[in-house]
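Visitor: For chain A, the structure is supplied; the task is to place chain B on it using the hints.
Those protein sequence lines, which keep their order, are chains A and B.
Each residue of the first sequence is one higher than the one before, counting from 151 in our numbering.
Each residue of the second sequence is one higher than the one before, counting from 151 in our numbering.
Each hint should be verified, as a subset may be incorrect.
Heads up, the list lumps identical chains together, so a pair's fine if it works in one copy or across two of them.
Claimed, not checked - Heads up, simulated SDA-like pairs for lysine to any residue below, C-alpha to C-alpha not over 25 Å straight-line: (1) K225 - G247; (2) K479 - E256; (3) K438 - F413; (4) K294 - S184; (5) K241 - T360; (6) K297 - E268; (7) K294 - K424; (8) K457 - E182; (9) K464 - E182; (10) K152 - E172; (11) K169 - Y402; (12) K152 - S184; (13) K152 - R164; (14) K173 - M494; (15) K181 - L453; (16) K181 - D460; (17) K271 - Y303; (18) K225 - E245; (19) K499 - T180; (20) K294 - S234; (21) K225 - R364; (22) K479 - Q383; (23) K181 - N471; (24) K273 - L253.
The set of hints was computed from the structure by calculation and includes no laboratory data.
Number of protein chains: 2
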Amino acid sequence: MKMKLFLPGPVSVRSEVLKQFEKPVIGHRTKEASEIQKSIIINMQKIFGTKEDILVSTSSGTGLMEGAIRSCTRKRALICALGSFGELWQKLGIENGIETDILRTEPGEATDPNKLEEVLKKKDYDFVGITHNETSSGILNNLKELKPIIEKYSEIIWAIDTVSSAGGTPIDQDKYGIDISITSSQKCLGLVPGLSFASFSTKAVEKARTIENRGHYLDLLLLYNYSREHNFQYPSTPAISNMVAAEYQLNYIVNEEGLENRFKRHLTMSNYFKDWANKNFEVFGNKKYLSPTITCVKNTKNLNFEKLSDEFSKRGIVISNGYGSMADKTFRVGHMGDTTLGDMKEFTKIFDEILKNI
Amino acid sequence: MKMKLFLPGPVSVRSEVLKQFEKPVIGHRTKEASEIQKSIIINMQKIFGTKEDILVSTSSGTGLMEGAIRSCTRKRALICALGSFGELWQKLGIENGIETDILRTEPGEATDPNKLEEVLKKKDYDFVGITHNETSSGILNNLKELKPIIEKYSEIIWAIDTVSSAGGTPIDQDKYGIDISITSSQKCLGLVPGLSFASFSTKAVEKARTIENRGHYLDLLLLYNYSREHNFQYPSTPAISNMVAAEYQLNYIVNEEGLENRFKRHLTMSNYFKDWANKNFEVFGNKKYLSPTITCVKNTKNLNFEKLSDEFSKRGIVISNGYGSMADKTFRVGHMGDTTLGDMKEFTKIFDEILKNI
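Looking at chain A on its own, in the form it has when it is part of the complex (with noise of 0.2 Å):
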């Protein structure tokens, strides 16, 4: 049976876009790749929302986020995290031998700003990793209300996790002065995982170049030194065939769908699937800070998760549980990607079926 993913990613892919890695393999030292190459960057630009460089990793997220931690802290990290994945970034800086801090919220908030003034006073941070949206908890942290705490400290390089917001949701990466974005392939761009996407500052730039120990293959500076050294290529075989892939879908992204349309999608799915577990569960977390790309659900019926998703299985639908801690008492429902407000509907309805009998 063809499954449908409603997971908080990897998301199910459009056919045309799994099509082009029919396409005969090309040399990563064509002209050809350094085309795809340019691009992805320039469509990236749009989805970050930057003029600054864009670098390519043949990696899941998490590469690039221990890449960025390396590449760019010198004296004290802090992640302002909402949950695992911030959790897991503070472990990839301690990891590496990175003075790494963490500044948690409760579960289901986002991150207070004056908390983060606070933190920001106590010690001399140089690198702030802030998780944008979070997939186990479905919140969405506001850059606009952090953006004045950080410019305080103009050392600081501000990175952000957008791995489940890119591409659904505007980041406006320049707007509010970050200088490294990181997403990944397989969430809200429509795309196998894979392939994950960095922004890179001329300010982050500046400050890896005082850096040392800046490992290899994450390093995100030797990326750019040397995709802007040869022409836009990579210094290691990247996934040419994947980037073939991502270039089509990206172009889809910007220039067909258009962002403004995608993001208005993504925001209407949300809404839909929220109203609707509001009525039948309960949906976790701060209403103000609510993620536009994946909603998580309290399980207020004590439904059983494994029954549950067997049920749904049997259907051709694959939907997540709730992550760490929160593994029994939240489900996870993703709508992002190319997923439709129709795929939305029909998924309800399904739901609305299984209640009935489960």
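Guide: Only chain B this time, still in chain A's reference frame:
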């Protein structure tokens, strides 16, 4: 025009393999994902000639080479280089703060066991990385000659870079007592780039457990621990569609074509092309150690490579210039993956035509 790649990687991929990407994306936390990983393990064990565990990384081979040296060196590392990719491995160590020495050979020569013995006596090495097949010079190291030297040092973790040999020639990891064999998807395995594979011996696992600062994304021990504890799944979202294609192709390699036939085919193509090259140019390197997967040809006719490459390009063929310092003096032809003797005959026929008119 559909271009046929005679590169030392990436290689042209069979259309049946590319078609695997058309399958709907599956979740990486599903039972299906676990089954795919298990199947990849079984077939990669046969390709590497080992009973040890197999790890899959969403990265190029460079990523796992960095992971290996960082995860398994506590004291000092030595790289036995045959050319550019050995130089790179040393750099990967140094860029991670690891004291890494290099034993170079004259271009076109294999590693001399006597010289290796001399070097190992001098310092307290606990990691030795050896290039098995050097893509830049077309030389294959003789692991049998090196085994008696390395096995004298029981503490050493022995890793080999089989990026351009695994799947094209026997590796026999367990026969030689190798701990880590590393390869990439886009060479002899006949897959698109984006994945790399490593074996990871029990001895290497034990060693990595004693080492701090291994990082995260490329940490072999993390991949090992996580996949053992989570039913053969991975900590970060892997390139799951690429893994579906890998499962299909590795099954073809091991169970349809068969490894012996595959190795024989590579040797036949290599002998055929080297004969042709010696008649028309001259094969670079010591005859005793020539690679069965790639031929480095001395440009004895002083052809302008760009012009030569353009002529091939017009006929739908991509070849590669020399690498690094040999860029102008040599060119390279890959005969690996699912290329056939028929392809090589067609290739030399076209080359003959070009030579008449250039």
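Visitor: Which numbered hints are broken by the structure, listed smallest first?
Guide: 4
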